[in-house]
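Peer 1: Single-letter residue listing:
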Amino acid sequence: MSTALLNISGVNKRFGGLQALTDVRIQIEKGQVVGLIGPNGAGKTTFFNVITGLYQPDTGTFELDGKPYSPSAPHTVAKAGIARTFQNIRLFGEMSALENVMVGRHVRTHQGVFGAIFRHGAARREEAAIRARAQELLDFVGIGQFAHRAARTLSYGDQRRLEIARALATDPKLLALDEPAAGMNATEKLALRELLLKIRDAGITILLIEHDVKLMMGLCDRISVLEYGKLIAEGLPAEIQKNQAVIEAYLGGAH
Amino acid sequence: MALLTFDTTHKPRQSYASMAVLLAAMIAFPFIASQFGNSWVRILDMALLYIMLALGLNIVVGFAGLLDLGYIAFFAVGAYLTGLLSSPQFAALLESVVNYSPALGDALVKLFGEQIHTDGIHLSVWFIVPLAGLVAALFGALLGAPTLKLRGDYLAIVTLGFGEIIRIFMNNLNDPINFTNGPQGINLIDPIRIFGVSLAGEAGSKATVHIGGLSMPSVNAYYFLFLLLCIVTIFMTGRLQHSRLGRAWVAIREDEIAAKAMGINTRNVKLLAFSMGASFGGVAGAMFAAFQGFVSPESFSLTESIAVLAMVVLGGIGHIPGVVMGGVLLAALPEVLRHVVEPAQQALFGKVVIEAEVLRQLLYGLAMVVIMLYRPAGLWPSPNKEDRPAAALAKEEAEEDAEESRA
Amino acid sequence: METFVQQILNGLVLGSMYALIALGYTMVYGVLNLINFAHGDVLMIGAMVGLTIIKLLNAAFPGLPGGVQLAIAIIGAMPVAMLVNVAIERIAYRRLRNAPRLAPLITAIGVSILLRTFAMMIWGRSPLPFPQLLSSEPIMIGGAVISHTQVLLLVLAAVAMGALVFLVEKTKMGRAMRAVAENPRVAGLMGVDSNRVIVSTFAIGAALAAVAGVMWGANYASIQFAMGTVPGMKAFSAAVLGGIGNIYGAMIGGIVLGIIESLGAGYIGDLTGGFLGSNYQDIFAFIVLILVLTVRPSGIMGERVADRA
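These protein sequences, in sequence, are chains A, B and C.
Residue 1 is where the first sequence starts when you use this note's numbering, and the numbers rise one by one after that.
Residue 1 is where the second sequence starts when you use this note's numbering, and the numbers rise one by one after that.
Residue 1 is where the third sequence starts when you use this note's numbering, and the numbers rise one by one after that.
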């Protein structure tokens, strides 16, 4: 079988009269940074939602790290090892930054009612570990000093970092980012690029949707291009830049 | 409120000191109040039960953000379970079972002994309380299950429906098998017996309880028991709030989709919220049944569900000290007013213009409307902004912005 | 044990009342996405005011024909109910238009309590007898019995629903209502004053509820300050059954629920082997609600609103 970390093929998704995805596939090797681009409405977020269990596909095979996984519900996907961020940041606004990331540890920890009430040794240790790891991750993404600020009071850029930290807290094999650079200026994008490379160097595979082509070209190992729900190109960034179909998709071409 | 604080995370010493002061006051209270008769302590006894209910509902509504309008059903379950298993009611039940199916009747007699024909079943409080908690928790999960995919206001209406269904069953489950004795309710429920001492006092002692040298009226004995249970409830819900599970509840409340994406099994976590909340209701119900000595369907209507909700809303949704305060205000205040306002009206006008019951309803209605319009976070919201639900904060922000632009 | 035809007839009568009330819920939900929890109590206000009018008429003009009394009662109750509902919207709901949906629901519950308490203070706590105003001669239809009052109710309900349909489909206000229900912002851009539409929606819903309230009193011969809660919840279930936000859904849902309840009460004894009797009648509406929301939240007419936020 392939050494791919993520191996997805044959994904079809229809919403009523609209065929949102037609036979979309993607293959990501471990340690890569893979980009997903395409004009607005191409189905990128829909594909993300299918991969991460938010939408149920009509057809498709899904394999993570050699094992099939079922995208039937978001929490099972998270458990299997795919964590995601959202296009329009979904933080737990009233919780502190630290608590947001601590929630990310939920899927890898297990204390329940008994532990909550009695706080016995194992529960206390787990709670301390959760807190420590959360602070570690906040530091890793560069917002450690805001640990106790309410998430909704953070700046836009910091909120995006927080969302990434929270996703990292689930110990994912694959980190799926939906437009993490949206709304950022050039400096922030550079910092984001650094962060993503840092994450990759830590051994986490990354799949990201983005509109900033320059950012993608300089960051991704491979790029897939969607248009109208179909995969129209896939390959190295340099190849994609010169691909006729891609250029037409973005510039309009001869329709 | 500035002197008293219960914010253990940010001001530990001050908050523990506040708690100590409050505890001392609570313990001293009955001894002082008894000088003026039993009614004041009895009012607080009921208030303490309501506080337990409000704290239980706070788990569902405050932590997890699920608006349960049928919460009193769990109170009813605990109360009726106690009524059935610690009073002569089981004898009546047995009679109806025997009429319906003699074989089943015989089986029951073999199981529980001959005397249930005449006496019914009388389980001890040590058995009843955990059982009430467990059965209520089960009902919590059962009634919560169909609501899991519903949006906020629909969830509210469905839970209301369940509350009503339970009440209707309690009112009618007396034929062909007499579980609940219908509209008349169940009487002669055993009082609580702890280590051989009955909290209703021994027969002929005029409801005085003698514990190791101390004598006190029965209502006082119950007071201390309920106070203890309240403290335990506060402790438990506080621990739940600041735990992995508590965070999961708040995550669901804030953004359910993000919560799922972070690996939280929202179905199970919501069911846990319903169950845990319900279990406190069930235990409070068991206490209520034993305290009052009888239960009837009237005590478990929609009005009561709403009353408990009003306490949570008024005090401070999600904030435990606030909820306790809301419970005290809405449970005790109307009764206090009744003792004050009715005689005052008699003196002033020669008749009672506004009855206590009317006053109570007015307070509940106004509490909910006024608080939602002007202080949605409640009278005593959480000092940690992190603990407050979004609505309240959005409002405050708007107000702060408005002030700043005026300045 | 009444005949099947009788059950159906009873169901139609009950269902017509539910339909009238359900329309109020569904219209408000359509424009505001809000469950007006206090709507059942508006029904009660209508009934109470109607009774008060009848008593005043009897005092001032004894000998007035029953039908006339009833007509004046209805005509008099409507504006009061409308005023109350419009006031509720203005005072309690308007400020919370952009708040998360739980806030107006809690407020609505509070308003409901206040309405009932005021009614308790004005009209007292005990049930009030509603006089028999129309002839008590039963009318026979195919082996079943129906009273004059019930016939009037059916007629009034049909007329009211027809008028509403006309309003919604053929008039400018109706178009505005449909536009706001679909997309308030765009409707605003098209020049529709959404506040006026919302006020009208509350007013119309209240008028229908007032009719239902007075006729309820006339039909059951007794009214009380708490009478609105249960019919209100049942009518809401009917609205959901039909497809919340859809006017035809409310009408269909109301009638269907009335019939389900009537048949259910009639046959539940047989269905459960004597375990449950007709005194469990009230649970049918709630069971229908739970089933609809679990199995087909969009209701009969298929309005996609009731599930995921």
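Hints listed in this document are in silico derivations from the structure and should not be mistaken for laboratory results.
Mixed in with the good hints there might be a few duds.
A few chain C positions that, by computed beta-carbon distances, are all more than 12 Å from chain B [stated by the list, open to error]: (1) L57; (2) V80; (3) V111; (4) V168; (5) M173; (6) S194; (7) M233; (8) D270; (9) N279; (10) Q281; (11) A285.
If the Cβ cut is set under 8 Å, some of the chain C residues that face chain B in the computed set are [to be verified]: (12) R95; (13) L102; (14) L114; (15) T117; (16) L128; (17) P129; (18) F286; (19) L289; (20) T294; (21) V295.
Beta carbons are placed, not taken as given, at the ideal position from N, Cα and C, and that holds for glycine.
Peer 1: Hint by hint, say whether it matches the structure.
Peer 2: How the hints compare with the structure:
1. L57: About 29 Å separates L57/C from the closest Cβ of chain B, which puts it past 12 Å; holds.
2. V80: Given a closest Cβ separation of 20 Å, the condition holds.
3. V111: 6 Å, violated
4. V168: About 24 Å separates V168/C from the closest Cβ of chain B, which puts it past 12 Å; holds.
5. M173: 27 Å, holds
6. S194: 20 Å, holds
7. M233: Non-interface label on M233/C violated, nearest chain B Cβ at 7 Å vs cutoff 12 Å.
8. D270: D270/C clear of chain B: closest Cβ-Cβ about 14 Å, beyond 12 Å.
9. N279: Contrary to the label, N279/C does not stay out of reach of chain B, its closest Cβ about 5 Å off (not over 12 Å).
10. Q281: 9 Å, violated
11. A285: It is violated; A285/C is separated from chain B by about 8 Å at its closest Cβ, not greater than 12 Å.
12. R95: It holds, given that the least Cβ distance between R95/C and chain B is near 6 Å, below 8 Å.
13. L102: Since chain B brings a Cβ to about 5 Å from L102/C, closer than 8 Å, the hint holds.
14. L114: 4 Å, holds
15. T117: 4 Å, holds
16. L128: 17 Å, violated
17. P129: 22 Å, violated
18. F286: 3 Å, holds
19. L289: With a closest approach of 6 Å, the L289/C hint holds.
20. T294: 5 Å, holds
21. V295: 10 Å, violated
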